[in-house]
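Protein chains in written order, with this note's numbering: chain A, 463 to 1164; chain B, 16 to 91.
Treat the hints with caution; some may be incorrect.
Result set (DSSO-like, lysine-lysine): computed pairs, CA atoms no more than 27 Å apart in a straight line [stated by the list, open to error]:
id, chain 1, residue 1, chain 2, residue 2
1, A, K630, A, K546
2, A, K836, B, K23
3, B, K27, A, K716
4, A, K652, A, K615
5, B, K87, A, K702
6, A, K653, A, K599
I should point out that these hints are in silico values taken from the structure, not numbers from a laboratory.
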Amino acid sequence: MRQINVALVGNPNTGKTSVFNSLTGLNQKVGNYPGITVEKKEGVAKLSRVLKAHIIDLPGTYSLNASSLDENIVIELLLNKNDKDYPDVVVVVSDIENLKRNLLLFTQIKDLGIPTILAINMADRMDRKGISLDVPKLETQLKTKIALISARKKTGFDNLKNLIANYKQISTEACCNASRVDTEYFGNLKKTFPNQNTYKLWLVITQDANFGNLDRNQIKSKTKSFEPKSKSELKRLQQKEIIARYTFINDTLKSTLTKDINAAKGLRASLDRLLMHRIWGYLIFAVILLLIFQVIYDWAAYPMDFIDESFAHFSEWTKHTLPAGQFTNLIAEGIIPGIGGIVIFIPQIAFLFLFISILEESGYMSRVVFLTDKIMKKFGLSGKSIVPLVSGTACAIPAVMASRNIENWKERLITILVIPFTTCSARLPVYLIIIALVIPDESFLGVFNYQGLVLLLLYFIGFGMAVFSAWLLHKIMKTSQKTYFVVEMPNYKVPIAKNVLITVLDKTKSFVFGAGKIILAISIILWVLASYGPNEKFKNAEDIVKTEVKTENLDLTQEELDTKISSYKLRHSYIGYMGKGIEPIVQPLGYDWKIGIAVISSFAAREVFVGTLATIYSVGSENEETIKQRMSKEVNPIIGGKLFNFASGISLLLFYAFAMQCMSTLAVVKRETNTWKWPIFQLVFMTGFAYIVSLIAYQLLK
Amino acid sequence: MISVADLKSGQKATITDISSESIPLKLLEMGCLPGNAVEVIKIAKIKDPLYLNINDTFLAIRLETARDILVKLIEE
Chain A
463 MRQINVALVG NPNTGKTSVF NSLTGLNQKV GNYPGITVEK KEGVAKLSRV
513 LKAHIIDLPG TYSLNASSLD ENIVIELLLN KNDKDYPDVV VVVSDIENLK
563 RNLLLFTQIK DLGIPTILAI NMADRMDRKG ISLDVPKLET QLKTKIALIS
613 ARKKTGFDNL KNLIANYKQI STEACCNASR VDTEYFGNLK KTFPNQNTYK
663 LWLVITQDAN FGNLDRNQIK SKTKSFEPKS KSELKRLQQK EIIARYTFIN
713 DTLKSTLTKD INAAKGLRAS LDRLLMHRIW GYLIFAVILL LIFQVIYDWA
763 AYPMDFIDES FAHFSEWTKH TLPAGQFTNL IAEGIIPGIG GIVIFIPQIA
813 FLFLFISILE ESGYMSRVVF LTDKIMKKFG LSGKSIVPLV SGTACAIPAV
863 MASRNIENWK ERLITILVIP FTTCSARLPV YLIIIALVIP DESFLGVFNY
913 QGLVLLLLYF IGFGMAVFSA WLLHKIMKTS QKTYFVVEMP NYKVPIAKNV
963 LITVLDKTKS FVFGAGKIIL AISIILWVLA SYGPNEKFKN AEDIVKTEVK
1013 TENLDLTQEE LDTKISSYKL RHSYIGYMGK GIEPIVQPLG YDWKIGIAVI
1063 SSFAAREVFV GTLATIYSVG SENEETIKQR MSKEVNPIIG GKLFNFASGI
1113 SLLLFYAFAM QCMSTLAVVK RETNTWKWPI FQLVFMTGFA YIVSLIAYQL
1163 LK
Chain B
16 MISVADLKSG QKATITDISS ESIPLKLLEM GCLPGNAVEV IKIAKIKDPL
66 YLNINDTFLA IRLETARDIL VKLIEE
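Only chain B is shown next, with the shape it has when bound in the complex (with noise of 0.2 Å):
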């Protein structure tokens, strides 16, 4: 099982799972959800925080909340 940290720059990948202990609500309103697609946008080429675009939402989250959800790649 890899997370969003996990994936480079560039990286397509589909939510599989969240952990939902630990994960803030404001980012499943955000539309980070199982099934649905996550990038890891290449522009800024800061690890942390990451710069993702959920379910065509822009956003910047910390690596840490990264390690949370829970991905499986997209085969290009």
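Just chain A, with the same shape it has in the complex (with noise of 0.2 Å):
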């Protein structure tokens, strides 16, 4: 069967990818373009017997002059043949009620030569809009077939592949020169280079992208004896050139496209009124917001235990089905878990991506950009940021993903980065314990329980140290990119279910199978580190500790002996001496080498920080009464006195709100910004900042 590349653009909001899901079905996959995040859809669509389509969905963009990441990706692809992927046809999809502006891109596009076909999306509703179109004579004016489609009705996609399929028969002459912008200097560029597509070099020389075989240098080289002197000159060329294309679009547009000016826009303008009004605005977005966090912290959590219990109970019953042995082990602990702890984060994200997806396709997330412009600018983040920063509250990882739909390459990154300092609800136990044991259960004026305050001021803490980074860090970087804010306010539109569902799947599939891999491969070097020891301690501890008991006269249940074997196990373990190998470096903070290795471990994520405490200290039950009372027992080698006293508490406390002690989203950062810079700078900056501040507290407060 024969292919063809086919490229589809079009303006954001116009429906474009409901087009390509309507195209493709499932038949497609999400990647990552070489290099960057900027995500890259592409599916195949059969168009007849002998001819398949492979279709990429390039990012959504006003016109061809770039202004973000996203933006180079389709120049980048229309200007390079060598490409793999460079388009046999071009689709540019437009919405009809915005066709005038819709029409700007079609034209640049038609320019470069490429045969293009306009498909005018949500056709459907002309009736309604009191619209009416001569689309034959439209196809004259612009050289082009025309597609009259609605992928809400899933009418015209047969005309569209039909299209697509003869593309051949499509004129790829320009409709709109861009050479009568300035005849004199388009002029030269076509002297100077008899051979290539003008309006091509002109983009080249215009866009800061790069462009495969096209040789900016070489070309500007050739080009200096005429090209315009200064950037605004420049500058001056490219606005000139919107003008001409408008100027074309307006008596194109005149003459085929009639609008009833009467014809209802009632929705918009209620909608508006309420979800953008000064006050109601604020108070429903908050609502929304508490419904997130609601569903992320509370509703998430029923499945979540189900996942926690179901992967339990397989690695129980593998251990037991299974010879014994260190491969069985390694299935049964290490593996099993490992999966386990992948799996568990899929309820939280699929739930947030629901309601980000309904956000976005209703049009309602530009009205919270809207909202929340004014103050979120002043801390270098996008009022798409609020969303991700809330979510952040329940856990990182599904946020770290939510700052995907942040436009602003820069803004986008401090999100991401900022994130993991909201207290996450791994956090909470560790809170809770050390909480119970070192803060008095007293009320404050009789009214304020201390407990329930620092628990508070702890939440405070994370958020403010998110919000105070991010200032840092828009200080500090330096961008190439100018930030402005022009944002549309689309219609409002009811989601269709479907491009719900896929945005759902594909990211929950991106996180499974993206950051997956590294959440496993860490897991299982931390269950090697805990199960294997150095020397012979580790090995013969069976025999040590029951020779033990016997010489002690103790008198202990098989439960107890078995504690006592996994305790003396742990701290004989590699992560055992590890713990004991970083006691020098944790002391001054006030732990000793037990914290150590429960810091250690807990890397893997906060909440394991209790149950390693509880191995260590051989308490049996994982009851959080149990652990507390052994916790509190615990004396300090080098200065006596309770372990676990006011100062090394706060000292704690400190720390787990500050340091990076989360492998999994280290692993989902990485999977977003495609590098280890960025997550290997949180991690050290993190970690870091929480060692200076938890060693400040302790030294004042011992």
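Since each chain comes alone in its own frame, lean on the hints to assemble the complex.
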């Protein structure tokens, strides 16, 4: 079967992705463009018995003048004939209500000499909006073929596929030639490079992107003699190009498009009046945030508990079913819990993206950006950063993934970097047990419980630190991209269920197969470190403990003996020795080597801290009360007195508030930023900061 | 000369000139061109960002950008 390359291009909010979903169904995959974090969506559609289309859904853009990484992708592909994805035919998706603005991009692409089809989406709304269009006349004037489609009603796709299949019949002539902007300049370009497309040359000269075989410097050296002298002159020419194109479009549409201005536009106005209201707007947004928070914090707990238990059972079952040995242990204690540690995030990710994609699809997210811009811009964040930051209070993993929707690269990166400071739910078990140990259960002024106040304070510290470091990064980070704020307020739409589901599926898949690999690898390493020791003591743990018990004449049940053995094993495992190794480093913070072990193993996930301490202190049950009692008896080996006192407790709380104690977050940041640079920066910055703060706190309070 | 930043909510005007140095190209691409109509939407009473209808496109821009769009008020 023959295959052709098709590129889908269009303005944001035109339903381009719905068109892509309708053409390819589930026959699509999401990847990354090499080296950057822009999502690459591609899929396959069958056009006829002998012809397939490989379709790329390019990032939404208003024109070929790129101002972001996403938009660069579009020009880079359209200008590079050697790219394996270089399209045989481009489909420009536009929507009927904003046809005028959508045609700007169309005329630019047409100018590149690539066969270009115009697909007009939401054609089913024409009657209701009082719009009529003279399609044959428009086809002649734009020198193209037009498909009227509706992704919502699934109409017009046979015609569109037919046009794609017969792309060779479409004229490659420009409909609005850029050379009319400045005949002298473009004439000179043509004279210098007679074999090149003039508009392509113009784009290479004006855009800041990579173009494979076209070397910008080489071109510029030849155009020096007639090149505009300054940057502003060049920009002036770009502006003239836009004006020229709009003049052409206005003339074209005057004779082909009629709009009955009296047709209803009431829905937008009444919804805006409510959702963008000075008071109601913020209140409604707060309620939506609260709901999202509730869902990923609370509702997601049910499927998560189920996953947790299922994997525990499965691990048990494997242990009993497979022949005993190292290999079985690796599977039952290393690999299965490791996979469980990935799967457990799926409910939160799926729920969060269900909400986010509904907010995006409905057009509400742009209103959120509008409402929050003034506050967020002070910290170098986008209005869209609010949703990830608040979700981070439940879990950083889905929150980091949610920052994908932020268009501006710098704002997106800052959001990703500061999210882990917010108090995620994995910190809670650590906070609760330490607070119970070192903060008195008394009331302040008879109303406020000290323990509750400290917990609240920790939430504020986390959020405050996130905002403060955002501001700091905003001041420090240099960017070549000029940030400006021009946000379209799209029409409200009922989200299409299929689009929402595909988004949820994509995000979940990209987490499981992207970040999941790293999480699995680290959890296996941590398991090996905890399950093997460097010397005989680990191997002979059972005999040593049994002899000890016998000589001391202790009367233990089998269960008590087992916990004593696992405690001995952990102390003499690699992690145990690492804990002892870092003792000199953590001592100034008020910790001993046992806490050192717990700190290292809770790098897998913060809540592991409590369980590890339980094992070290050979507390059989994971019952919080029992662990707490045991912890309160612990004596500081150097200075005597209680190990968990006010000073070391506060130091631990601050350490867990700031330190990057979560391998899954690091893995997902690596996945989202496509480099190890940023997760390592996070690890060093956050843990370093945590160390310093805890050190100061302990030394002042002890 | 007044700019979009000086318009009261609900007022309509015609764009006369754009200060070409600092204005983002994207705004022009969205139809913010001399001769086109601009209206400050009454609905959102928030002053910054501004909620506008330019040439049938609804968009929001910051006050600082609005100062670069010079307009002539349309008398009602």
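Original post:
Which hint numbers doesn't this structure obey?
Top reply: 4, 6
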